[in-house]
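The chain contents come next:
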Amino acid sequence: QKEVEQDPGPLSVPEGAIVSLNCTYSNSAFQYFMWYRQYSRKGPELLMYTYSSGNKEDGRFTAQVDKSSKYISLFIRDSQPSDSATYLCAMRSGGSYIPTFGRGTSLIVHP
Amino acid sequence: DGGITQSPKYLFRKEGQNVTLSCEQNLNHDAMYWYRQDPGQGLRLIYYSQIVNDFQKGDIAEGYSVSREKKESFPLTVTSAQKNPTAFYLCASRVGGEQFFGPGTRLTVL
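The listed protein sequences derive, respectively, from chains L and E. Per the numbering used here, the first sequence starts with residue 355, numbered consecutively. Per the numbering used here, the second sequence starts with residue 19, numbered consecutively.
Misleading hints may appear alongside valid ones.
To be verified - Once the Cα atoms are required to be at most 30 Å apart in a straight line, the calculated DSSO-like pairs of lysine-lysine come out as: (1) L/K396 / E/K32; (2) E/K75 / L/K356; (3) E/K75 / E/K32; (4) L/K410 / L/K424; (5) L/K396 / E/K101; (6) L/K356 / E/K101; (7) L/K396 / E/K75; (8) E/K88 / L/K396; (9) L/K421 / L/K410; (10) L/K410 / E/K75; (11) E/K101 / L/K424; (12) E/K101 / E/K32.
Unchecked claim - Computed Cβ-Cβ distance ranges for the label pairs, DEER-style: (13) E/N102 / L/S374: 33 to 39 Å; (14) E/T23 / L/S407: 32 to 38 Å; (15) E/Q74 / L/K421: 40 to 46 Å; (16) L/S407 / E/L128: 47 to 53 Å; (17) E/K88 / L/E399: 36 to 42 Å; (18) L/P362 / E/T97: 39 to 45 Å; (19) E/G81 / L/S374: 24 to 30 Å; (20) E/S98 / L/S366: 40 to 46 Å; (21) E/N36 / L/E399: 43 to 49 Å; (22) L/I372 / E/N36: 44 to 50 Å; (23) L/G363 / E/Y28: 23 to 29 Å.
Quick caveat, the hints were computed from the structure, so don't treat them as lab data. If you're wondering where the values come from, they're calculated on a predicted model, not measured in any experiment. From the three backbone atoms N, C-alpha and C, an ideal C-beta is built for every residue, glycine too.
Full structure from sequences and hints, please.
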């Protein structure tokens, strides 16, 4: 079993839908959680960076961490075709600056 | 403009040749990283450097080499010993706990 599991998709939704992207993990030492957006043939762009459990909101994006379930989510409200990309989750422990990445979920938002 | 640049964007190599990928940053970050990305896989760490003149192997360092002679630069050499080098290579730098990526280099071995 990989340390970080992420469904590769693709996830296809209509424009305006609420999107939920998820990752599960097995290492209870993970304390810092990140979401990256990666457009095709581009480098990943950091979207959200959170510490420990709870929610963090930034515009249309909300990151949620449930450490008791070892489960993290990224919600996208009012999804747009420009949100079509691969979303990577990443996480690390407090003692390391090297994150472990999920495989990424491909999201397609169609008009 | 502050950021991370990688060159070239696309690179073709014949089997048996060494090739060097460039990574430069003007963000004044101490730590820099090289990752490899293959279709359907997460990012895999090749090498990282926390400070000038120091670097450590990542999970898949075999067949690769790096140097860190300047804070701004962290070039990666893909040697002929790397058996399956065709991939998308990403350079990153870090400030605090946040890692930022360059645009990537697509390497294809012919």
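Against the structure, the hints:
Annotation: proposed proximity of L/K396 to E/K32 holds, straight-line Cα distance about 24 Å (limit 30 Å). With a C-alpha separation of about 21 Å, the suggested pairing of E/K75 with L/K356 holds against the 30 Å cut-off. Taking the CA atoms of E/K75 and E/K32, the gap is near 25 Å; set against the 30 Å cutoff, the hint holds. Between L/K410 and L/K424 the alpha-carbon distance is near 17 Å, which keeps this suggested pair within the 30 Å criterion.
A C-alpha spacing of about 24 Å is found between L/K396 and E/K101, which places the hinted pair at or below 30 Å, so the restraint holds. Distance hint between L/K356 and E/K101 is fulfilled; the C-alpha atoms sit about 24 Å from each other, no more than 30 Å. Restraint check for L/K396 and E/K75: the C-alpha separation of about 25 Å stays at or below 30 Å, so the hint holds. Between E/K88 and L/K396, the direct Cα distance comes to roughly 25 Å. Compliance with the 30 Å bound is thereby established for this hinted pair.
A threshold of 30 Å between alpha carbons decides the hint, and for L/K421 with L/K410 the separation of about 14 Å falls inside it, so the pair holds. Distance restraint check for L/K410 and E/K75: the Cα-Cα separation of roughly 34 Å exceeds the 30 Å cut-off, and the hinted pair is therefore not satisfied. Our distance criterion of 30 Å between C-alpha atoms is broken by E/K101 and L/K424, whose separation comes to about 36 Å. Taking the CA atoms of E/K101 and E/K32, the gap is about 12 Å. The hint holds against a cut of 30 Å.
Between E/N102 and L/S374 the beta carbon distance is about 35 Å. The supplied range of 33 to 39 Å therefore holds. Range check, E/T23 to L/S407: about 37 Å between beta-carbon atoms, so the 32 to 38 Å window is met. Between E/Q74 and L/K421 the beta carbon distance is about 28 Å. The supplied range of 40 to 46 Å is therefore violated. As the Cβ distance of L/S407 to E/L128 is approximately 49 Å, the hint placing it in 47 to 53 Å holds.
Roughly 26 Å separates the CB atoms of E/K88 and L/E399, a value that falls outside the hinted 36 to 42 Å. Distance hint check: the CB atoms of L/P362 and E/T97 are about 31 Å apart, inconsistent with the given range 39 to 45 Å. Taking 24 to 30 Å as the suggested C-beta distance range, the pair E/G81 and L/S374 does not conform, at roughly 39 Å. Between E/S98 and L/S366, the C-beta spacing of about 42 Å keeps the proposed range 40 to 46 Å intact.
Distance hint for E/N36 and L/E399: a CB-CB separation of about 31 Å, inconsistent with the stated range 43 to 49 Å. Between L/I372 and E/N36, the C-beta spacing of about 49 Å keeps the proposed range 44 to 50 Å intact. At roughly 26 Å, the beta-carbon separation of L/G363 and E/Y28 lies within the given 23 to 29 Å, and the hint holds.
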